[in-house]
Amino acid sequence: QKEVEQNSGPLSVPEGAIASLNCTYSDRGSQSFFWYRQYSGKSPELIMFIYSNGDKEDGRFTAQLNKASQYVSLLIRDSQPSDSATYLCAVNRNGQNFVFGPGTRLSVLP
Amino acid sequence: DGGITQSPKYLFRKEGQNVTLSCEQNLNHDAMYWYRQDPGQGLRLIYYSQIVNDFQKGDIAEGYSVSREKKESFPLTVTSAQKNPTAFYLCASSDRPSQPQHFGDGTRLSIL
Chain A
2 QKEVEQNSGP LSVPEGAIAS LNCTYSDRGS QSFFWYRQYS GKSPELIMFI YSNGDKEDGR
62 FTAQLNKASQ YVSLLIRDSQ PSDSATYLCA VNRNGQNFVF GPGTRLSVLP
Chain B
217 DGGITQSPKY LFRKEGQNVT LSCEQNLNHD AMYWYRQDPG QGLRLIYYSQ IVNDFQKGDI
277 AEGYSVSREK KESFPLTVTS AQKNPTAFYL CASSDRPSQP QHFGDGTRLS IL
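These protein sequences, in sequence, are chains A and B. Numbering of the first sequence is given in the numbering used here, commencing with residue 2 and proceeding in unit increments. Numbering of the second sequence is given in the numbering used here, commencing with residue 217 and proceeding in unit increments.
Simulated from the structure, these hints should not be mistaken for lab results. Quick reminder that beta carbons are idealized off the backbone N, C-alpha and C, glycines included.
Interface residues of chain A toward chain B, partial, derived using beta-carbon atoms under 10 angstroms: (1) SER33; (2) PRO45; (3) CYS90; (4) ASN95; (5) ASN98; (6) ARG106.
One chain only, chain B, in its complex shape:
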């Protein structure tokens, strides 16, 4: 089945630690996105990529980093510079940037 796989489902970060969230898609989509959702809030764009080896900052990129070395993979690293990382992280992809997005099941990140 085609879809987007995010892992892990739950992740805990210690102070000063970097953690990486995985996002893999087999939909052959060109565009991929990372969002953060805080309780009771909408989605805020962290980073997006329209093509392999290229990515752009979204609205809240500080404290995060990404890579896009393969079309199907778009991992997100939450660095120690992100002082309030507790949130629900969602990865999405779309065939082209203006087309509907499809979402993975998300990763919940908490601080230990």
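Isolated chain A, as found in the complex:
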């Protein structure tokens, strides 16, 4: 089992819709969870981070964490074509470093 798993996509949604990106992790002791957006050819940029079970909202983005199910998700409301990118889920490992999932490619269609 891989440490962090994501559907590779592409996930296609129409403009204005809600995009839902999912991530599962294997280490039950993980405490910190991060979502990064990466445009083609560019470096990742931090979108959200979440440490506690439940929802965390920031503008159009909502991160959801369920530690019992070892599941973290990112919702993007009112999706825009500029949201088209690869979204990387990262999990802190033993408080020492990070492990990344393979990323989900999102395409928002005008």
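With chain A's structure known, arrange chain B on it following the hints.
Structure of chain B alone, referenced to chain A:
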């Protein structure tokens, strides 16, 4: 402006050659990291450092070496032992190991 600077942006390596990628940060972060990204893949951890003069191997350290002589600098050397070095290399830093990371713009390494 605070940030992470990686140089060069593009680098070409000849067979049998060692090359060094630079990473400098002025964020006063304690922790620094090096990742490798292959096309269509996620990031894989090469080395990380939580404090000056100390560093740890990541998941794919073979064929790479690092140093951390100053808090703001964490250079990565790709040695001739790394037989498939072509990739996008990303340096990151965080205030503490469990805190969000911030990335530099990356270095693209290719073989001549």
